[in-house]
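J.: Construct the entire structure; sequences and hints are all you get.
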Amino acid sequence: MTLATAAVFQPVARKEYLDRLAALSPGPAFTPELWTEVHEEVQEQLVLLEAEVHRMVAEVRVDAGRTEGNRFFLFSYRTFSMPHSTLDPVVAGITFIPARQAVTVEADVSGERTGDWISSVPSKTVANSREELVAVARDSARKLCQSADAIAAALTDPSRRVE
Amino acid sequence: MQSPPLSRIRRAESSDLLNRAENMQSTTESHGLSLQEKEAFVRRALSAMTEHTFGFICGVYGVSSSTMGRHYGSALRCKLNGRRAVLTALHVIEEAKKEPFGLAISTDYGKPPYVVQGAVNIDPIADLAVYFLPDDFPYPGEGFWPAARIDRSLDQLATDYLFLHGFPGTASHPSQLLSGVVSKSLPYGAMQRLENLPPNLQSFQFAIEYDPVGMMNETGAPRDLVDPRGLSGSPVWRIGVSGRSSGEWKPTDSLLVGILTQWRPDEKVLIATSTEKLPPSW
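Chains A and B, in that order, give the protein sequences. So for the first sequence, the numbering used here puts the first residue at 1267; every next one is plus one. So for the second sequence, the numbering used here puts the first residue at 758; every next one is plus one.
Calculated from the structure, these hints are not laboratory results. Among these hints, one or two may not hold up.
[To be verified] Below 20 Å or equal to it, Euclidean Cα-Cα: the simulated EDC-like pairs (lysine to aspartate or glutamate) are:
id, chain 1, residue 1, chain 2, residue 2
1, B, 836, B, 892
2, B, 1007, B, 856
3, B, 1007, A, 1299
4, B, 868, B, 893
5, B, 1025, A, 1299
6, A, 1409, A, 1303
T.: See below:
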C-alpha cells in the first residue's frame, strides 16, 4: 500500500468573533522592548533637565520613573520635589497614547498632586515606524528640557503649598 | 490655566498593571485593526499557515490488506521531551487498529505508510494518544513540530485566530493506480467559540466555530461545508498574532494549542483537547 497526501483543498475561513482578534495594526510593533527603548531615550534627554534644575535649586530631589495604563502605553517622567516641604512636587513627563494606527506623544510639566499646568510641548502623532517614534520621543524630551526655569520657579512658589 | 491632574491619574493607573489581561485588551482594542482589515489579514494568513503546517501533519490509516488501507484520522508529527512522536486522538488509534493488519501513519508522498508497532501512550479522558517513533521511522528531523512551540498556557486562545489542518475522510479515497490511498488536506481557520457551548464541554476542551453557513475561501468567496469526519486528531494552532503587529506576523509565530477530538454538528462546533492536558511525561 502507498499513501499520497496533498494540500489540495483551498483554505477555509470563518469570520465570526473577529472583533476579539487582538491583532495590532501593521505600524510600529508595540512590544515591551520598544517601550523600554523609548523610556530610556526619554530619560537620557531628561538628564539635562535635571542638571539645569539642580543648578538653579540646589536642594531639589529628583526621581525618575515610568508607568503604563489602560489609556496609555507609557508615561516616562521625572519628579522634582523639595525635601521637608509641603510644596507640590513637579512632574515633567511624556505620555504615549494609543490612537488609531498611530501613537500620540504628549509632553508636559505639571503639579504632581494638584495637576496645575506649568508648561507643555505641542503633541505629535507618530504612525510610520519605531525609528520615528523614538525620534519624536527624543525631540519632545529635549523640548521639555527648556522648562527648567518654570520648574525651578514652581518649586519655590509658596502658593503651590498643599496640605 | 488649570488642567486636570494628569499626573495623579497616571499614577493611579499604574495599579491597573495588576490586571494585565484587561490592560492588554483595552490597548489592543484602541489600537487594533478594523474588522475589514482583520478579515483580509486572516485570509492572507491562512495560505501562509497552510504551507507552513502541511509538512507536519500526517494521516492515520487502518491497513485492510497488503495493498489497501482506509483513512481514519489525522495526526501531528512533533517533538516531545526530545523524542520524535506522532500525536493524535485516542479514538482514531482505537478505530484504525480494528483493521485486519493494524494501523499505519503516512510518511511521504507516494511512499508506503509506517506500520505502528509497540506501545502507544494514551489518555482516555482527554482522548489523546502519542506514539513515540522508533529510530527507523523514515522522516527528516525538520518535519517534527518543535516542543518549544507548544503553548500550554492558553491565555491568548480567545484573542488569537485558530487554525487546524488535517485530512477529512470525505477527501480520502482508494486509488488502484497508486495501489493505495489518496488524501487531500483541509486547512481551516476560525475563532474560538465562547458562548452557546455544548453543555458537557470539559475544562480541558475548547470549541471552534464550524457552521455550514458563512464559510469563505481565501478570496472571501463562499465555500460549502466540508464534512469534518476524519479530521479527528488534527493539530490546532493559534496563529500567534494576538498582541502583535499584523504587519510583522509570520507563520513561525504560530503555536500548537490543541488536538481535534469531536465534531458537534448540533452546536456547529469542533471540539479540541487543549495542550494544557498533555501529560508532562509525554
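J.: All the hints need checking, so say for each whether the structure fits it.
T.: Hint by hint, here is what the structure shows:
For the hint linking residue 836(B) to residue 892(B), the alpha-carbon distance of about 13 Å falls within 20 Å, and the restraint holds. Between the alpha carbons of residue 1007(B) and residue 856(B) the distance comes to roughly 41 Å, so the proposed pair goes past 20 Å and is violated. The suggested pairing of residue 1007(B) with residue 1299(A) holds, with an alpha-carbon distance near 19 Å, which does not exceed 20 Å. Note on residue 868(B) and residue 893(B): the hinted pairing holds, with a Cα-Cα distance of about 14 Å set against a maximum of 20 Å.
A C-alpha spacing of about 41 Å is found between residue 1025(B) and residue 1299(A), which places the hinted pair above 20 Å, so the restraint is violated. For a cut-off of 20 Å, the pair hint linking residue 1409(A) to residue 1303(A) stands: about 19 Å separates their Cα positions.
The structure is inconsistent with the numbered hints 2 and 5, although it conforms to all the rest.
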